[in-house]
Amino acid sequence: MADKIIPIGPYHPLQEEPEFFRLHVDGEKVVDIDIEIGYNHRAIEKISESKSYDQVTFLVERICGICSTSHPFAYTNAIDDLLGIEVPERALYIRTIIGELERIHSHLLWLGLAGHFLGYNTVWMWAWRYREPVLDIFERISGNRNHYAMFKPGGARRDLDEADFPWIKKTLKSLIPKFDMFKGAVIDDPVIRARTEGVGVLTKQDVYDYACVGPTARASGFVMDVRKDDPYAAYDKVEWKVITQQGGDVFAKAVVRILELYESVNIILQCLDKIPKGPIDINIKDMPAGEGIGRHEAPRGEVFHYIMSDGGNSPARHKVRAPSFVNIASNKKAVIGETISDATIILAAVDPCYCCTERMAVVDHKTGKKVFDGQDLVRLSQEKTEKLRRKYNR
Amino acid sequence: MSLKLKALTKSIWVYHMSTGSCNNCDIEILDLLTPRFDVERFGITLVGSIRHADAILVTGALNLKTIPRIKNIYDQAPKPCFVIAIGACACGQGIFAKGPNTPEPVDSILPVDAYIPGCPPKPEAMIAAIVKLIEKLRGKK
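Line by line, the protein sequences are chains A and B.
Just so you know, we're using the numbering used here here: the first sequence kicks off at 1 and counts up by one.
Just so you know, we're using the numbering used here here: the second sequence kicks off at 1 and counts up by one.
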């Protein structure tokens, strides 16, 4: 059998960061996959050692733009752990509100991209349109649509204005009917079900083997959420539930994310009601030598930060583990044995920084001739949906 | 105005190149295509291949692994091809200026025609930059 390879990437993403997948294919079937990352390496852990503790908050925010709260959240948790301080309660609520707003915008973003890969560009446009009100809330609170800079060691950098609360609540409640629409579009639509159900299945054992986290693990029946298992910020002060599904396929992952949208709105509304008055930060005088760890359940899974201090002005060692790092590896399990037209959505299903669909090309290994390129692969995926749509008369 | 210049500035097709950014500029670029901003009204659209592009949008602080690749891509672009640096990292490396893996800014490698500062720049700022670029090309002011 001639080894045919589809290089996806490495670079020139349609969106998000560059990664490189090499799919080995036999006809339509994917038989193996190699994953190469490192195109986005900016040596953040090393730069962190040359910045002061306060500056590192801004640096870790720039690890990822979509989860630009998750990293500061885990980092400030690590610093608070190192210092052993009690953060003022108002700051905990502010952190929770920002973290959950981010989850809403991140899941809507994923939903839009997944719709695009399946050939439902309407879903893309809608999801991104209803993401805008969330960004408006961020702009009102922090002055920026992304990179909110709301966190600092020992508290929050900015206070929330009570006068904004009615408007924030109204905006969030207006999103609920839109979520219902997405839920209907995904759960009730036979074409989307046919494209995603039973596709790219990760069993519970696979999730265990690859140590997957976040919605990827919860879609396979793992009840696992740092917010519940190891409560921090205000997550133990509000009522909410962990969403899980049993399927482990792309459909289950989509359902988990859509249902989490409701939970996030629920958490924010409760926080806005319960938020106490008081100071938003405490003054940190000096940094003792020691170690601290911080965790946060980012939209994609658990973010982990480790800080080692030698008593100086900047971290002696700063280690970051992001959720996509473990989730991307599970593609090796999910994508093998599936067809090329399903590969795009499977690779996208773990919500990695998956960007390279446009640069896919099927190359005949012997002749080096291009068989398909990226446009063709998206087209293949969209044509499959079109076929199913006709079959189901939609 | 020559026919070539008129055709070029009538509808600028852009190609997006992320050189190790944090995704935010990239997301805001995609946001331009979605209903609130909808730059396709002005004939601006994202294209999948550099060979169809009139302008390259560069985001992110160049790192050692991407520098040879963006040189390669720029060489493949049909000229004239304008380079627009988007975001603090692409304009002047931002917080990564002294990073061990991010040796040089974009403008030491590619001829940059427009800089859009901001972290990330607002979509409105990006639209304004494109308008200014078109005005410059057409020779107004």
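I should point out that these hints are in silico values taken from the structure, not numbers from a laboratory.
Where is the CB? At the ideal position from N, CA and C, for every residue including glycine.
Check before you lean on any hint, since a few could be wrong.
As the list claims (entries may be wrong) - Cut-off 25 Å, straight-line C-alpha distance, at most; resulting in silico cross-link-like pairs (SDA-like, lysine to any residue): (1) A/Lys183 <-> A/Gly292; (2) B/Lys65 <-> A/Gly38; (3) A/Lys51 <-> B/Gly118; (4) B/Lys65 <-> A/His24; (5) A/Lys170 <-> A/Lys285.
Said to hold, decoys possible - Examples of chain A residues toward chain B, derived with CB under 7 Å: (6) Tyr39; (7) Asn40; (8) His41; (9) Glu45; (10) Ile47; (11) Leu59; (12) Pro133; (13) Gly143; (14) Lys237; (15) Trp240; (16) Lys241; (17) Ile243; (18) Gln245.
* Asked: Which of the numbered hints above does this structure break?
  -> Result: hints 1, 5, 9, 12, 13, 14, 15, 16, 17, 18 break, sorted rising.
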